[in-house]
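Undergrad: Sequence:
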Amino acid sequence: MASSFLFLIHFLLLVFFPPNLEATQEGERRVFNFRCGYNGPSIRFPFWVKAFHPDRYRSPGFELSCDKNKQTVLDLPFSVKLFVKKIGYKSRVIRLYDPDGCVSSKLPYLNLSASPFQFNEIDSYNFSLFNCSAPDRQMFDSVPFKQMFLSVPCLRASAYQVYAILSWNNVDDFPLTSYSNIHNLEESVPYNIFHQGGKLQLSWSKPNCSLCEAEGKICRLKNDTTEYETECVAKSKTLKGHAFKKQLWAGDVVFCFWG
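Every number in the numbering used here is 18 more than the matching position in the sequence shown, counting from 1.
Where hints are given, some of them may not hold.
Pairs of lysine to aspartate or glutamate residues, derived as EDC-like cross-links and limited to a Cα-Cα distance of at most 16 Å, are as follows [what the hints assert, rightly or not]: (1) Lys103 <-> Asp93; (2) Lys99 <-> Asp85; (3) Lys104 <-> Glu81; (4) Lys224 <-> Glu247; (5) Lys124 <-> Glu205; (6) Lys253 <-> Glu233; (7) Lys103 <-> Asp85; (8) Lys108 <-> Glu233; (9) Lys108 <-> Glu249; (10) Lys68 <-> Glu81; (11) Lys124 <-> Glu204; (12) Lys103 <-> Asp118; (13) Lys103 <-> Asp116; (14) Lys108 <-> Glu231; (15) Lys217 <-> Glu139; (16) Lys99 <-> Asp118; (17) Lys124 <-> Asp93; (18) Lys68 <-> Asp93; (19) Lys99 <-> Glu81; (20) Lys224 <-> Glu81; (21) Lys224 <-> Glu249; (22) Lys99 <-> Asp116; (23) Lys104 <-> Asp116; (24) Lys217 <-> Asp116; (25) Lys235 <-> Glu249; (26) Lys253 <-> Glu231; (27) Lys217 <-> Asp118; (28) Lys68 <-> Asp85.
Computed beta-carbon distance windows for the label pairs [unchecked claim]: (29) Lys253 <-> Val189: 50 to 58 Å; (30) Lys68 <-> Asp141: 34 to 42 Å; (31) Asn87 <-> Val189: 40 to 48 Å.
Calculated from the structure, these hints are not laboratory results. We put the beta carbon where it would ideally sit given N, CA and C, even for glycine.
My request is simple: use the sequences and hints to build the entire structure.
TA: Encoded structure:
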């Protein structure tokens, strides 16, 4: 009796609060257009969510997840978790943000070479992060200091400043009373990344679905290919939340009352 009651409650929740799932039927294949929340970014190929997208639509490195607050999450190597604000499928740019408002704090753990993504900016440099005592005003305002020391506002504290210094420079050339190396970034990063706060933009080159997106078609991987070869298919009938309810009505109801 208790089991049947729990199944009934589960069914009613699905009927009145259906997942925001859109599935487009393409013959024997299905291409899913999914959102973690009603205001979240549209998730479609090459991105995917494990619980909702078939294996053949799963491109390595493009897996997303939904947290308990229905936020869209991208996990980057290694142990860098950022939220997704927008995905530009035509431009192949994903806009991310750090909920703590400080992408710079994630840089020591980031390794994009193990992912399909690159920084969206063309020029990248090697930096080291230093924890320094605040310099006197005259030195702080000097052109050489400002060119060499890039302040990282989101890592600042009352007793010290954190600076990103181009790796080929020598911090000993400046008369700081105290400083310590926090981390040498192994990944080359854009020059302006330290002033972006919690925002970050990344791009990807493959799979390339720009043409499909421009033509208003669906993009997918070709059959029997080991490369990132894609093909465009025309959109057809769309199944939305009401169709999902009907499927539940045909199956779950019987199970609820007869299970």
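Undergrad: Are the hints correct? Go through all of them and say.
TA: Cross-check of the supplied hints:
Of the pairs offered as hints, the one joining Lys103 and Asp93 holds, with about 14 Å between alpha carbons and a cut-off of 16 Å not exceeded. Between Lys99 and Asp85 the CA atoms are separated by roughly 11 Å; this keeps the pair inside 16 Å, and the hint holds. For the hint linking Lys104 to Glu81, the alpha-carbon distance of about 15 Å falls within 16 Å, and the restraint holds. Distance hint between Lys224 and Glu247 is fulfilled; the C-alpha atoms sit about 9 Å from each other, no more than 16 Å.
For the given pair, Lys124 sits about 12 Å from Glu205 by alpha-carbon distance, which is consistent with the 16 Å threshold. The straight-line distance between the Cα atoms of Lys253 and Glu233 is roughly 11 Å, inside the 16 Å bound, and the hint therefore holds. The straight-line distance between the Cα atoms of Lys103 and Asp85 is roughly 14 Å, inside the 16 Å bound, and the hint therefore holds. Taking the CA atoms of Lys108 and Glu233, the gap is near 10 Å; set against the 16 Å cutoff, the hint holds.
Straight-line distance between C-alpha atoms of Lys108 and Glu249 comes to about 14 Å, which keeps the hinted pair within the 16 Å bound. Only pairs whose Cα atoms come within 16 Å are accepted, and Lys68 paired with Glu81 is accepted, the gap being roughly 7 Å. Our distance criterion of 16 Å between C-alpha atoms is met by Lys124 and Glu204, whose separation comes to about 12 Å. Simply put, Lys103 and Asp118 have alpha-carbon atoms about 14 Å apart, close enough for the 16 Å limit, and the pair holds.
For the suggested pair Lys103 and Asp116, the alpha carbons sit about 10 Å apart, so the restraint of at most 16 Å is met. This hinted pair checks out: Lys108 and Glu231 have alpha carbons roughly 6 Å apart, not beyond 16 Å. In summary, the hint linking Lys217 to Glu139 is supported, as the alpha carbons are separated by about 13 Å, within the 16 Å threshold. Simply put, Lys99 and Asp118 have alpha-carbon atoms about 11 Å apart, close enough for the 16 Å limit, and the pair holds.
For the hint pairing Lys124 with Asp93, the CA-to-CA distance comes to about 12 Å; that is within 16 Å, so the pair holds. A hinted pair counts as satisfied when its Cα atoms are at most 16 Å apart, and Lys68 with Asp93 qualifies at roughly 13 Å. Restraint check for Lys99 and Glu81: the C-alpha separation of about 12 Å stays at or below 16 Å, so the hint holds. Only pairs whose Cα atoms come within 16 Å are accepted, and Lys224 paired with Glu81 is accepted, the gap being roughly 14 Å.
With a C-alpha separation of about 13 Å, the suggested pairing of Lys224 with Glu249 holds against the 16 Å cut-off. With a CA separation close to 8 Å, the supplied pair Lys99 and Asp116 stays within the 16 Å bound. The hinted pair formed by Lys104 and Asp116 meets the criterion: a straight-line CA distance of about 13 Å does not exceed 16 Å. Distance restraint check for Lys217 and Asp116: the Cα-Cα separation of roughly 7 Å lies within the 16 Å cut-off, and the hinted pair is therefore satisfied.
Of the supplied pair hints, the one linking Lys235 and Glu249 holds, its CA atoms being roughly 10 Å apart against a limit of 16 Å. With a CA separation close to 11 Å, the supplied pair Lys253 and Glu231 stays within the 16 Å bound. With a C-alpha separation of about 10 Å, the suggested pairing of Lys217 with Asp118 holds against the 16 Å cut-off. For the hint linking Lys68 to Asp85, the alpha-carbon distance of about 13 Å falls within 16 Å, and the restraint holds.
Against the hinted window of 50 to 58 Å, the Cβ-Cβ separation of Lys253 and Val189 comes to about 57 Å, which satisfies the hint. Roughly 36 Å separates the CB atoms of Lys68 and Asp141, a value that falls within the hinted 34 to 42 Å. At about 41 Å, the CB distance of Asn87 to Val189 agrees with the hint of 40 to 48 Å.
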